[in-house]
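Asker: Sequence lines, in order, name chains G and V. The first sequence begins at 1 in the numbering used here and counts up by one. The second sequence begins at 1001 in the numbering used here and counts up by one.
Simulated from the structure, these hints should not be mistaken for lab results. Every residue gets a Cβ at the ideal spot worked out from N, C-alpha and C, and that includes glycine. A few of these clues could be false.
To be verified - Here are a few chain V residues that face chain G, going by a calculated C-beta distance under 8 angstroms: (1) GLN1162; (2) ILE1176; (3) PHE1181; (4) LEU1212.
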Amino acid sequence: MNIVMKWIHLLGSPPYFYRFSGKLLPWLTVICVGLLVWGLYGGLVQAPADYQQSDAFRIIYVHVPAAWMSLFIYVSMAIAGAIGIIWHVKMAEIVCITSAPIGAMFTFLALVTGSLWGKPMWGTWWVWDARLTSELILLFLYFGVIALYRAIEDKRMAARAVAILALVGLVNIPIIHYSVEWWNTLHQGPTVTKFDKPSMATSMLIPLLVMAIAFKVYYFIALLLRMRTELLQRERNSKWVKELVGLS
Amino acid sequence: MNDSLYLAFWSLLRRDLLITYRNRAQAINPLLFFVLVVILFPFGVGPDVVLLKTMAPGIIWVAALLAALLSLDSIFRSDFDDGFLEQLVLSPHALSVLVLAKVIAHWLVSGFPLVLVAPLLAVFLGMPADAIAVLVLTLLLGTPVLSLIGAIGVALTVGLRQGGIILALLVFPLYIPVLIFASNAVQMAMAGFAVSAQLSMLAALLLLALALAPLPAAAALRMSLS
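Using the sequences provided together with the hints, build the complete structure.
Answerer: Structure follows, in structure tokens:
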């Protein structure tokens, strides 16, 4: 226990974190690429075509993991923000604010792929489907977080503001999601198609799970890269950064 | 609530109402804006009575959302500028309770007038009488939620130069559940269905916001003033 706690404290120190993440990144990249190749090969080549949607369903291997990530990142962003506010952990603040653009990117990806999938399935690019609409609102929640962070000049203050906003959003996401679902069932137009996957075949499911893990690892890589950049910027006047870039 | 907190709550509420009363002319503006936005729609979609009637709940509620957004800034703005907010933060009382007093005062002068004017607009758009009653009820339950959630957004942006547009980005997504349940209740009332489910949901949202929203708003105010 003692060693674990000590290590967590060490990770909170910027120079240690910078060195450690630098060592971690190549391994993560190898894992991510490996999983992506496995998942894409399994999904695009090995998995049989769907009996209804034929090959069009294969976009699921990007769409569904991206949609999962969009929520996962929002939750981790809010949790990191809470840790940052409660215990004043600088690293948690950085995790919180650097997660936002990545999460927005995944949300955007889920929206675009959902819309691409909708074209052959529904015959139109956009339907006010409950899940797509929730994703759209989620995208704007991310935009709010990013805009607020950009607008506040004092970045420590901005990190706290963003954390408060992320927590408020976290409480609201279930409310928004279920009210949108309720709204959608009442207003349901001619399309009742849903992205429900009633008992997928294993050969289709495994690549999906592999892709989901690959996306998580990708998030981790992107997060580390962004955190390193943010650290260098914030600590540009400190000794370790100057030594790192060979200024002193 | 202990006695002094009680006293602080009421005197703050009274103070805010008094200040608004002395600046009556400014308090009218969001109301005029609300009426104007609704009046714009017949010009935009044409004077088709049937179409306007079907769209009326949505039009009035979206206009109420916009009017609420426009008036939000006044919850904390002038107090931020003249340093009164700092005194509030320094006071020994729970900041969230004081924030609640300010939000209630704000709703009484900016949200409640919308409730009073809405029936007139509903008549303009050809809504039947029983649906108007439901509309007033949804506004009574819904607009306080807008003020409460909005207070969080204003508290986060009050220190910023260009807080206005960011405020819209922050609060509109959070307003969507209120919009859904409220305008749907009015639509269903117009179609002759029972609306108790929607009204219960709105009441639940109101209670939730009443209990929770002052806390992040107070935290955000502390952040904005640090």
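Asker: So, as I understand it, the hint says V:ILE1176 touches chain G; can you test that by seeing if any CB pair is closer than 8 angstroms?
Answerer: 6 angstroms, holds
Asker: V:LEU1212 was flagged as interface toward chain G. Is the shortest Cβ-Cβ separation under 8 angstroms?
Answerer: At about 7 angstroms, which falls below the 8 angstroms cut-off, the nearest Cβ of chain G leaves the hint on V:LEU1212 intact, so it holds.
Asker: Regarding the hint that V:GLN1162 lies at the interface with chain G, is the smallest CB-CB distance below 8 angstroms?
Answerer: 7 angstroms, holds
Asker: Holds or violated: is there a CB of chain G closer than 8 angstroms to the CB of V:PHE1181?
Answerer: Holds, about 7 angstroms.
Checked against the numbered hints given earlier, the structure satisfies every one of them.
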